[in-house]
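Protein chains: 2
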Amino acid sequence: MELFKVHGVEEAKELLGQYFQDFTLAVEELPIEQALGRYLAEDVISQIDVPHFRRSTVDGYAVLAKDTVGASESMPVFLLVSEEVEMGREAKSKLTSGQAAYVPTGGMLPGGADSVVMVEYTEKLDATGIAVHYTTAPKENVVEIGDDIRKGSHVLQKGLKIRPQDIGVLASIGLSTVKVFQKPKFAVISTGDEIVSPDEEAKPGQIKDINTFTLAAMVEAAGGVVVAKDVVKDNFTLLKQTIESVMTDSDIIILSGGSSVGTKDIVPKVINAVGEPGVFVHGISIKPGKPTIMAKAGGKPIFGLPGHPTSAMIVFKVFVEYFIKTLMQNDELDKFIMGELAVNVHSAQGRETYQMVTLEKSGDKYIVKPVYGKSGFITLMSKAIGYIKIPINQEGLTKGEKVKVYLF
Amino acid sequence: MELFKVHGVEEAKELLGQYFQDFTLAVEELPIEQALGRYLAEDVISQIDVPHFRRSTVDGYAVLAKDTVGASESMPVFLLVSEEVEMGREAKSKLTSGQAAYVPTGGMLPGGADSVVMVEYTEKLDATGIAVHYTTAPKENVVEIGDDIRKGSHVLQKGLKIRPQDIGVLASIGLSTVKVFQKPKFAVISTGDEIVSPDEEAKPGQIKDINTFTLAAMVEAAGGVVVAKDVVKDNFTLLKQTIESVMTDSDIIILSGGSSVGTKDIVPKVINAVGEPGVFVHGISIKPGKPTIMAKAGGKPIFGLPGHPTSAMIVFKVFVEYFIKTLMQNDELDKFIMGELAVNVHSAQGRETYQMVTLEKSGDKYIVKPVYGKSGFITLMSKAIGYIKIPINQEGLTKGEKVKVYLF
Chain P
17 MELFKVHGVE
27 EAKELLGQYF
37 QDFTLAVEEL
47 PIEQALGRYL
57 AEDVISQIDV
67 PHFRRSTVDG
77 YAVLAKDTVG
87 ASESMPVFLL
97 VSEEVEMGRE
107 AKSKLTSGQA
117 AYVPTGGMLP
127 GGADSVVMVE
137 YTEKLDATGI
147 AVHYTTAPKE
157 NVVEIGDDIR
167 KGSHVLQKGL
177 KIRPQDIGVL
187 ASIGLSTVKV
197 FQKPKFAVIS
207 TGDEIVSPDE
217 EAKPGQIKDI
227 NTFTLAAMVE
237 AAGGVVVAKD
247 VVKDNFTLLK
257 QTIESVMTDS
267 DIIILSGGSS
277 VGTKDIVPKV
287 INAVGEPGVF
297 VHGISIKPGK
307 PTIMAKAGGK
317 PIFGLPGHPT
327 SAMIVFKVFV
337 EYFIKTLMQN
347 DELDKFIMGE
357 LAVNVHSAQG
367 RETYQMVTLE
377 KSGDKYIVKP
387 VYGKSGFITL
397 MSKAIGYIKI
407 PINQEGLTKG
417 EKVKVYLF
Chain H
17 MELFKVHGVE
27 EAKELLGQYF
37 QDFTLAVEEL
47 PIEQALGRYL
57 AEDVISQIDV
67 PHFRRSTVDG
77 YAVLAKDTVG
87 ASESMPVFLL
97 VSEEVEMGRE
107 AKSKLTSGQA
117 AYVPTGGMLP
127 GGADSVVMVE
137 YTEKLDATGI
147 AVHYTTAPKE
157 NVVEIGDDIR
167 KGSHVLQKGL
177 KIRPQDIGVL
187 ASIGLSTVKV
197 FQKPKFAVIS
207 TGDEIVSPDE
217 EAKPGQIKDI
227 NTFTLAAMVE
237 AAGGVVVAKD
247 VVKDNFTLLK
257 QTIESVMTDS
267 DIIILSGGSS
277 VGTKDIVPKV
287 INAVGEPGVF
297 VHGISIKPGK
307 PTIMAKAGGK
317 PIFGLPGHPT
327 SAMIVFKVFV
337 EYFIKTLMQN
347 DELDKFIMGE
357 LAVNVHSAQG
367 RETYQMVTLE
377 KSGDKYIVKP
387 VYGKSGFITL
397 MSKAIGYIKI
407 PINQEGLTKG
417 EKVKVYLF
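Protein chains in written order, with our numbering: chain P, 17 to 424; chain H, 17 to 424.
Everything labelled a hint here was simulated from the structure, so no lab data went into it. Each residue gets a CB set at the ideal place from its N, CA and C atoms; glycine is no exception. One or more of the hints may lead you astray.
Unchecked claim - Only pairs whose alpha carbons sit at most 27 angstroms apart, straight line, appear in this in silico DSSO-like list of lysine-lysine: (1) H:K256 to P:K377; (2) H:K333 to H:K256; (3) H:K341 to P:K385; (4) H:K201 to H:K219.
What the hints assert, rightly or not - Listed next, the stretches of chain H that the computed footprint assigns to chain P, with coverage defined by at least 3 CB atoms under 8 angstroms from CB atoms of chain P: (5) 172–186; (6) 207–214; (7) 225–232; (8) 317–329.
What the hints assert, rightly or not - Far from chain P, some chain H residues (derived; all Cβ distances over 12 angstroms): (9) H23; (10) T40; (11) M91; (12) A107; (13) S192; (14) N288; (15) N346; (16) I353; (17) A364; (18) G389; (19) T414; (20) K420; (21) F424.
Let the hints inform the model, and build the full structure from the sequences given.
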């Protein structure tokens, strides 16, 4: 039985960063309509002004503001209409003092005009004359060239996870394609003599494969793609062959099961036999997830996750998702919901503890309740909406305490 | 110019519910590994117990608890090992008093045993004898049959948006496929004489198409699929033909632009010409988004959204996403983050106001800052992380007030 040195959570993340500081993902160029949820691989600089012409924000008359000075409900100013600008068409006239032009919302202002009076404050007198009952200021109801996006400005940041509105920004500056990081390609392998696939009959002593399903779905949710999936018995040769067979086509390899220190736990030995430098972390002060492995072989990261579904998922969240975000150069804040603990919660001595919880609305606040279950329960994760973290040096949390709930 | 009756937000949702109470989505059966993010179309009842055999949660010796009464560090009890149970194999023995069996974590307990003593509290004496230094209680370190999931129990609820752990639950109860609602098929059509596609040159007066891109991405993010996308000039015949051409293959039609009351705003007329009963809501007391249209033609919902990108996106969030969730029978809580307003925020008289905001972390709380921009700015949405709602009868919000931020 080999004993391993346990690393802190931050220490393990730092080692991961050191071992993979040169590890990067390729970049691909996609049509913007296929870029939702992908990560920007370049800073986006606008090559144009948006808008690229002066637009009205209302239906009204473009005027020279100085012509309307003193105009009011009872004291109109009279102007001559030189043009009715149409949507999508260039304004042709160049207004001089005493002139106005009709402009619809979003329409182009003619030259010379510096303001738009809403149609509600005007009165049509005849074919060409209007009365204006409002003193307008320069720039009122006008969007200037580049007001929304200025040519040369930095509009979107490398590493951004692209949302619908970001695709809108790309469209608005005339880009129909965008450079994003390729999805990291994952191999997901479960090990264990007891595991059978869901549609096989599980005999006494056997259980259905859960981890390849949950972990593959987590890869997908985190922006990766699963290129290989397998369940392997706890057999040195078989497991080594399986890892070697997926190495070429995968960027990242996830194993689950067989990482704790026991008689048949061959995972670290197999990884060390696959390539140099092999295992560099074996054991992290986190609960659940203590027997986690981090390794490098053939230049690629290999994560050895615990076999229990909940432990495997938490370790994936804390380390694999973190690693993906690092590769994507994404620095978004973790999103959490503040809530109030319904009961005291204990922590594990000397380990950063992740406690599954549910949320209940109570007026304007959330009540946070821990979800407990025996080790290995799959329903533990399914009943929970998220988790709270208890730092390594804290004994526990007290009923009524405000806590951050991180959602799955 | 036709004046329309403005409906409240809740009133508009109720009308939507009434007009489409019989509108449902077809159900399809998918392999569980393709079900991430889809909505369950059936309650899932387990046909099996999980686990279906008694499992140990530790590496240790299965015993009869009563045999260990009084055992301690200094006073061991001696037992005879009848079997070493292997992972994934059925335990063969049936223990009687005085016997024990080695069981690995996750392994099967032999008959007769009712507790497991951790290996750390035992000592191997010879090939078949062990000393036990611990008094164990019945059920200690044991997962009973059905402890995780009981046969016949309701494990997942119809309408659930499937997460990785839910796929794990499906796998654990032996299901390799699951029934989910089909993705609603959307047609997304932008109208406007001024709109050109992103890769076309926008002449003075013209702007790039944004809405078909942002709305199509929102459809995708909300669990729908876009089957048709088009940009149409503000022309009655053209728009009518376009809507009619997408009616057969779409479940839901989204129009944007041309919904406000102006000279060229032909959308409501076209919809009424397409089919009965036509427009049933035109105007909602919401800001932005007042000129929103809801309609029914050919039995299908047609949403007429405003032309401004931000308005169109907010109306999509508030009504179209709500409608999709209703179709999916999903009753998840809206998720929000509590934050503190950095400044006073004003609301629009007589309208439920949606104010775009950003979040800044300040110690353990979030500071909420409004994002302002002129009407029609696309960067308004892109700079924001979410929005706050100000109820219709509230004048505004005060600096320092706690507010709920809904994330995009």
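Verification of the supplied hints:
| no. | hint | result |
| --- | --- | --- |
| 1 | H:K256 to P:K377 | violated, 46 angstroms |
| 2 | H:K333 to H:K256 | holds, 26 angstroms |
| 3 | H:K341 to P:K385 | holds, 26 angstroms |
| 4 | H:K201 to H:K219 | violated, 34 angstroms |
| 5 | 172–186 | holds (count 9) |
| 6 | 207–214 | holds (count 6) |
| 7 | 225–232 | holds (count 7) |
| 8 | 317–329 | holds (count 3) |
| 9 | H23 | holds, 22 angstroms |
| 10 | T40 | holds, 26 angstroms |
| 11 | M91 | holds, 27 angstroms |
| 12 | A107 | violated, 7 angstroms |
| 13 | S192 | violated, 4 angstroms |
| 14 | N288 | holds, 22 angstroms |
| 15 | N346 | holds, 14 angstroms |
| 16 | I353 | violated, 6 angstroms |
| 17 | A364 | holds, 15 angstroms |
| 18 | G389 | violated, 7 angstroms |
| 19 | T414 | holds, 16 angstroms |
| 20 | K420 | violated, 8 angstroms |
| 21 | F424 | violated, 6 angstroms |
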